[in-house]
Amino acid sequence: GAGVSQSPSNKVTEKGKDVELRCDPISGHTALYWYRQSLGQGLEFLIYFQGNSAPDKSGLPSDRFSAERTGGSVSTLTIQRTQQEDSAVYLCASSPSSYAPYEQYFGPGTRLTVT
Amino acid sequence: AQKITQTQPGMFVQEKEAVTLDCTYDTSDQSYGLFWYKQPSSGEMIFLIYQGSYDEQNATEGRYSLNFQKARKSANLVISASQLGDSAMYFCAMREGAGANSKLTFGKGITLSVRP
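Taken in sequence, the protein lines are chains A and B. Under our numbering, the first residue of the first sequence carries the number 1, and numbering increases by one thereafter. Under our numbering, the first residue of the second sequence carries the number 1, and numbering increases by one thereafter.
Treat the hints as calculated values from the structure; they're not laboratory data. Possibly wrong hints are sitting among the right ones.
Said to hold, decoys possible - DSS-like, lysine-lysine: derived pairs with alpha carbons at most 25 angstroms apart:
| no. | chain 1 | residue 1 | chain 2 | residue 2 |
| --- | --- | --- | --- | --- |
| 1 | B | K3 | B | K70 |
| 2 | B | K108 | A | K57 |
| 3 | B | K73 | B | K3 |
| 4 | A | K57 | B | K73 |
| 5 | B | K70 | B | K16 |
| 6 | B | K16 | B | K73 |
Unchecked claim - Chain A regions said to be covered by chain B (calculated; three or more residues, Cβ under 8 angstroms):
| no. | stretch |
| --- | --- |
| 7 | 11-18 |
| 8 | 35-46 |
The beta carbon of each residue, even a glycine, is placed where N, CA and C say it ideally should be.
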């Protein structure tokens with residue numbers, strides 16, 4: 001079946017502009033996660049959605065970052081007034097909630113470059 | 001303290017030999033899960049293996065096995081019969097708590113290079 005998809009695959013933007021990154025999770029997966037990976041580093045958790053529950057926003061680095069998930073499916077991560085330190089690969093993952101070990105399936109990522 | 005520690009900066013292994021990638025973790029939860037992911041140069045994150053904190057036996061998945069030593073809080077990945085395609089970054093990650101879904105905390109990763 002189809003995996004997690006993300007768009008765009010690459011985004012170059014000027015400092016100060018807003019960007020929107022999109023994630024389409026695997027159909028039927030109730031949990032959706034956003035992570036950020038800076039060059040040569042591990043993944044940093046940003047935000048997590050589980051069904052209709054309030055999202056866990058504890059990883060968002062500043063109030064310039066926000067995310068929403070519409071209809072329990074597609075999610076959009078928005079970064080306002082982008083800064084150069086926002087340059088990274090943004091990875092989305094989804095996981096089922098009905099069977100262990102609930103591993104997370106990752107999308108290919110969006111590489112964001114802020115100039 | 002870091003929750004996931006991967007201190008090996010880079011590992012080299014000869015094709016067809018076995019290699020162990022180290023991972024130590026820190027948590028006060030009794031229920032947690034440990035994951036290993038592979039990230040080739042293409043950038044995708046590929047799930048390899050999972051170990052639950054209450055699992056009594058070490059997890060195995062094909063050529064991958066997890067050497068789980070709970071008292072030492074280590075969860076090392078063992079790759080047997082290395083192949084050239086195993087060259088990649090390997091990340092250890094932990095999910096804390098008994099909930100089915102929660103965030104993963106990742107280590108900084110280890111680069112593995114397989115020599116022909």
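Now the hints, each set against the structure:
1. B/K3 to B/K70: Holds, because 14 angstroms separates the two Cα atoms, which is no more than 25 angstroms.
2. B/K108 to A/K57: holds, 22 angstroms
3. B/K73 to B/K3: Holds - the C-alpha atoms of B/K3 and B/K73 are around 11 angstroms apart, at most 25 angstroms.
4. A/K57 to B/K73: violated, 28 angstroms
5. B/K70 to B/K16: violated, 29 angstroms
6. B/K16 to B/K73: violated, 29 angstroms
7. 11-18: Not satisfied, violated; 0 residues make the cut.
8. 35-46: holds (count 6)
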